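Residue numbers (numbering that gives the first Met the number 0): 0 to 328.
Calculated from the structure, these hints are not laboratory results. Any given hint could be a false lead.
[Said to hold, decoys possible] Pairwise CB distance ranges, derived in the manner of DEER restraints:
{"id": "1", "residue 1": "Ser21", "residue 2": "Glu271", "range": "30 to 36 angstroms"}
{"id": "2", "residue 1": "Ile181", "residue 2": "Gln293", "range": "43 to 49 angstroms"}
{"id": "3", "residue 1": "Tyr10", "residue 2": "Ser146", "range": "26 to 32 angstroms"}
{"id": "4", "residue 1": "Leu136", "residue 2": "Ile181", "range": "52 to 58 angstroms"}
{"id": "5", "residue 1": "Glu307", "residue 2": "Ser30", "range": "37 to 43 angstroms"}
{"id": "6", "residue 1": "Arg259", "residue 2": "Val159", "range": "55 to 61 angstroms"}
{"id": "7", "residue 1": "Leu308", "residue 2": "Glu31", "range": "36 to 42 angstroms"}
{"id": "8", "residue 1": "Phe178", "residue 2": "Leu118", "range": "26 to 32 angstroms"}
Please read all numbers here as calculations on a predicted model, not as lab measurements. For glycine and all other residues, C-beta sits at the position ideal for the given N, C-alpha and C.
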Amino acid sequence: MPDFTSLGKLYADVCVTYATLSVSYFILSRSEPFTSNGDIWKRIAFGLIAGVAALFLSQDRLMLNDNVYYSFEMLPMILVTFFGGWLSGLSCYVLLFVLKGGYSINNLLIGCIMLGLFLFRVWRQRRHRVFYITLLLVGLARIALVSSLYGMVVPWATLVLYQLLAAGCMILCYHALNFKEIYMKKVFAIRVKAATDPLTQISNRASLDYRLSIQQTHRQSCGLIIIDIDNFKRVNDTHGHLIGDRVLSDVGRVLRNVTRSKDFAGRYGGEEFLVITGAYQPEAVMAIAERLRQEIEQSQMILEDGSELKVTASVGVSLYLPGCRSAKR
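Whole structure, please, built from the sequences with the hints as guidance.
So, in structure tokens, the structure goes:
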């Protein structure tokens, strides 16, 4: 039986578990924070990567007989279930099931524990208390299952020591991943705040300039739609700046609702807005511009006195075609 309690092996198991899950979590959070309700392919990938780590951890075993053993292979499986949801946990288990023993007693015992995690949906109520309760119940369940199969011949001292080591490793990795998750969410929150106009809740000028620089750097064709609210100064002078802010906010709402996912809309300054379109054919860009103009014109704003404020906008269209002159209308 391998000396699984040696500091070297324990340290290696902790490092493999945390490094594998931490790096994969970071990579899967490049565009947005990885969550248990995120993209399906990301959750599956997270589970499969954890499955590879579980295969490595299964090499150091506490053998109880020829068919049943303890190892740290459940650590990444439980952790990805907490952070990636049932799909990540199931992907990890299926990989281990296929590559490590199939319908063995050990895999069936692990399957029973994972089924309990799925039924209680631990990823939806992921608090420290829930994690520690889960950890305690998993440890007791493993001991109870083995005890029911083998009676008092189980080496209890070794078994309890093993459970304590596994719990310590899992606690360390859980809190490290939890800290990374909080950090990534704050980073993305700051990034969104820095790129968003607070009044209209669409991209600000800095974000628009950055997007335009990317288009130029990669020489990607696009359409440019400039929107200017008509007589906006008169609105401010007549009805006050609060009504003017409402007008800007309503135009931002129209741009959020009407523009497509491949288009990029933002407030360029004052009452001017800019939409960068994925389409660059003149007819297509003109159609988008006209639709935006009509949506702005059809939006209604009811003032406190019951009167309706009519908002119109002037729209200009330009094309960015690398290697060609800009075509303007």
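Cβ distance range 26 to 32 angstroms for phenylalanine 178 and leucine 118, holds or violated: Since phenylalanine 178 and leucine 118 have Cβ atoms about 28 angstroms apart, the given range 26 to 32 angstroms holds.
Isoleucine 181 versus glutamine 293 beta-carbon gap, inside 43 to 49 angstroms or not: This hint holds: roughly 44 angstroms between Cβ atoms.
For the hint 52 to 58 angstroms, verify it against the beta carbon of leucine 136 and that of isoleucine 181. Since the Cβ atoms of leucine 136 and isoleucine 181 sit about 25 angstroms apart, the hinted range of 52 to 58 angstroms is violated.
Given a hint of 36 to 42 angstroms, does the C-beta separation of leucine 308 and glutamate 31 actually sit inside it? holds (37 angstroms)
Given a hinted range of 30 to 36 angstroms, is it respected by the beta-carbon distance of serine 21 and glutamate 271? violated (44 angstroms)
Can you let me know if the beta-carbon spacing of glutamate 307 and serine 30 is within 37 to 43 angstroms? At roughly 42 angstroms between Cβ atoms, serine 30 and glutamate 307 fall inside 37 to 43 angstroms, so the hint holds.
Taking 26 to 32 angstroms as the hint, is the beta-carbon distance of tyrosine 10 and serine 146 inside that range? holds (30 angstroms)
Using the C-beta atoms of arginine 259 and valine 159, is the stated range 55 to 61 angstroms upheld? holds (60 angstroms)
Going down the numbered hints, you'll see the structure goes against 1 and 4, while the others check out.
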